[in-house]
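Following the hints, position chain B against chain A.
2 protein chains.
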Amino acid sequence: MKKYNQVYNEIKNMILSRQLICGDKIPSVRKASQLYSVSTTTIQNAYFDLCADGYIIAQPKSGYFVSDIEEILTQEESSRQTSDIKYDLTGGAADADSFDFTLWQRYIKSALRQKERLLSYSEPQGEYDLRCAIAQYIKEKRNVITSPDRIIIGAGVQTLLQTICPLLDKSLTVSFPDNSFRQGMSLFADYGFEVHTRDKDAGIIYVSPSHMTRWGDVMPIKRRLELIKHSQKNGSIVIEDDYENEFLYNVTPTPSLYALGKGNIIYIGSFSAMLLPGIRISFAVLTKQLSEKFKMLSYRFAQTASKTEQIALCQYIRDGHMNAQIRKIRRLYTAKTKSFASILKDELKNAEIEIGENTLQIILKTEFSKDINIFNQMSLRVFVQEYKDGRIVLVISPSGIENAEFKNAAKALKKALI
Amino acid sequence: MKKYNQVYNEIKNMILSRQLICGDKIPSVRKASQLYSVSTTTIQNAYFDLCADGYIIAQPKSGYFVSDIEEILTQEESSRQTSDIKYDLTGGAADADSFDFTLWQRYIKSALRQKERLLSYSEPQGEYDLRCAIAQYIKEKRNVITSPDRIIIGAGVQTLLQTICPLLDKSLTVSFPDNSFRQGMSLFADYGFEVHTRDKDAGIIYVSPSHMTRWGDVMPIKRRLELIKHSQKNGSIVIEDDYENEFLYNVTPTPSLYALGKGNIIYIGSFSAMLLPGIRISFAVLTKQLSEKFKMLSYRFAQTASKTEQIALCQYIRDGHMNAQIRKIRRLYTAKTKSFASILKDELKNAEIEIGENTLQIILKTEFSKDINIFNQMSLRVFVQEYKDGRIVLVISPSGIENAEFKNAAKALKKALI
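Chains as they are written, first to last, in my numbering: chain A, 28 to 445; chain B, 28 to 445.
A portion of the hints provided could be inaccurate.
Since the list gives no way to pick one copy over another, a pair counts as held whenever it fits inside one copy or between any two copies.
Here are the simulated lysine-lysine pairs, DSS-like style, with alpha carbons at most 27 Å apart [claimed, not checked]:
#1 K136 x K355
#2 K355 x K322
#3 K365 x K142
#4 K197 x K227
#5 K372 x K166
#6 K392 x K320
#7 K142 x K434
#8 K392 x K136
#9 K415 x K442
The set of hints was computed from the structure by calculation and includes no laboratory data. All of these numbers come straight from a predicted model, not from anything done at the bench.
Bound conformation, chain A alone (with noise of 0.2 Å):
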């Protein structure tokens, strides 16, 4: 049965991950059984359910050949992708409302029709036009002032760091006041830079002052101040990580640490969020000197953002779209929030719950018992900030589930906790 198991198992596997394909011969019963030092029944029982289960087939008086399991892989990939996780409430992914995929459509279409462009690589720092874009963009709704000429485009907030890194001078230490950050921590330290949490007396701070903790602290402005006039006396580099910005609405509008400080600030910014998960652009304003430096060494740095992309993104804010998809979708993220937050509030009565000051995030804090593992259990993902002396503190996201089951994920969650 363990030899039969074996064959079995090898030759699926072999299938499965493509070392075998479709139409490729497998060694004959014989010459298996010679391969596997086991018995013909035991290599015809395996053949037989290897046929049966869709594998391979059999060709009379030519042998067993390797069928065409795209079919089975797609089935798997589907089931693979749904029933893993039944609620994901990390908000790991988009509302199916937040984006207008047609609107995009037309962007990209447009942008494909620019074949000379598309013909060659683009700059390592972007396309010339998306940056001008992006320049007026985060005037008027950061009042970061800048050029074309300090911004640098990336596929993501880590591609960015990594072109940064190497501008930076490695002597100095990084400080992450929120440790929550983890990618950033520890790609810097990939670099070889001290990295610690809260050091004052750090010559690089990385913040996120519209997402300061995982439940969406936002940093007040007395702070802010505090934090610039700490850095220009200290002549440290702040890095203002400005994730999830667009979400303050109902918080007084904060002014970015770039358009408080002068000049010693990196501000970063990110349209994934924005628009969709798989769109991967993101955009850096550099110091004036690290600009410099990114010029000199520009050989060095190959563009990692979509030219596609970029160029459909230049055209979609010019017309204005950003603007409304930004209303969009806080509206429609702030509504899911409070929406959720009121189901939680009737299904867990013992529990506290909280919206964290960015409106995204819930904080739900409770009486909890059980094994951690209930939650992977129940295909339920959660982040649990804390857990200690009997009580949990978890931080929900609910924008991807839709409205509709919002019921029944909140049900699932009450079942993992109580």
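Chain B only, in chain A's frame:
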């Protein structure tokens, strides 16, 4: 006059750099004269010229406003793109006939229809079905046998190396036997690795066997086997960047190092050169050990390639278009190289002109005693491999030049050289 220039240029630059945008009011003549400490006449003259040049408009009784400079900029941009370089002989662009835009547009359109999928972030490793398609593709093409689990996708080779570097032991030295891949060398150095050229004892060896040198030398099978043997004996990792292997049709087909080796090879491939420079999708096949390390640390990495383009590319490969595309561009570029080489031979009777092994590059050796800046002055982009003792060696690729322009490009090069 100097003061006038200062005012004129400063305001013009603020407008061009979008620090001031359409509709912004600029200081009144009196206020500006205080700000710049100059007479009101100087300001008036500067403002008058700014109006004449289209940067600002005077509105009677309300003052001066920034005008809509979109048009000025669009003109500037297009002149920027075309006038800078007349003939790019470095292969930095693709031929307009090399890519079927309409076909690709169909795949992009179909990808944009998969809304559910686009609403979530791509797996850090890259889309699963694309990895399956790549596994099958490199098995057929390069005999690289692996499972989709070992493949990681990224927006360009640089991005892949930025994922691989943090997985490698930093005490290892890295050897680049071909020192022309400066981007790669400085990237490893940025991560704190010791980088050498031709270090026999290096723990990591980075090679492009199908493009060993700028002019496309191909690593012979004998040296490939030696390298494999050496790395196995030494326990070193070989990074095989299989750049331009697709063009090797008139050389004896040389197997990939990965296919020859056993387990210690990282295989890297890219689609940008096959499709469009602006489509940034590359992949790496990790060793088993590094692939496990990647999975453990995958929370640290975000996918950089566009999800839409990943979905489109997957179906494009599955439908067999990649094979057809490679045949097409191989034919196209080989013919272009040959044709341009023969035109160059006609024009430059005294030069030695050869086609590189991988049929994409032309090596041109000739006497030369002018200033090396002549190429820039004549708006020619060429790669100078060597220049000493009155002789120059150029590496030329005509891929981005239209056939109808060959004669003119060759004449321009002649004029620069003689």
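Okay, the hints, checked on the actual structure:
1. K136 x K355: both (23 Å within a copy, 24 Å between copies)
2. K355 x K322: Cα proximity of K355 and K322: none, with 37 Å in one copy and 36 Å across.
3. K365 x K142: Answer is between: at 25 Å across copies they meet the 27 Å cutoff, but 46 Å inside does not.
4. K197 x K227: within (18 Å within a copy, 29 Å between copies)
5. K372 x K166: Neither way: K372 and K166 sit 40 Å apart in one copy and 55 Å across, limit 27 Å.
6. K392 x K320: neither (48 Å within a copy, 35 Å between copies)
7. K142 x K434: between (49 Å within a copy, 24 Å between copies)
8. K392 x K136: For K392 and K136, the Cα distance exceeds 27 Å both inside one copy (47 Å) and across copies (44 Å).
9. K415 x K442: within (20 Å within a copy, 79 Å between copies)
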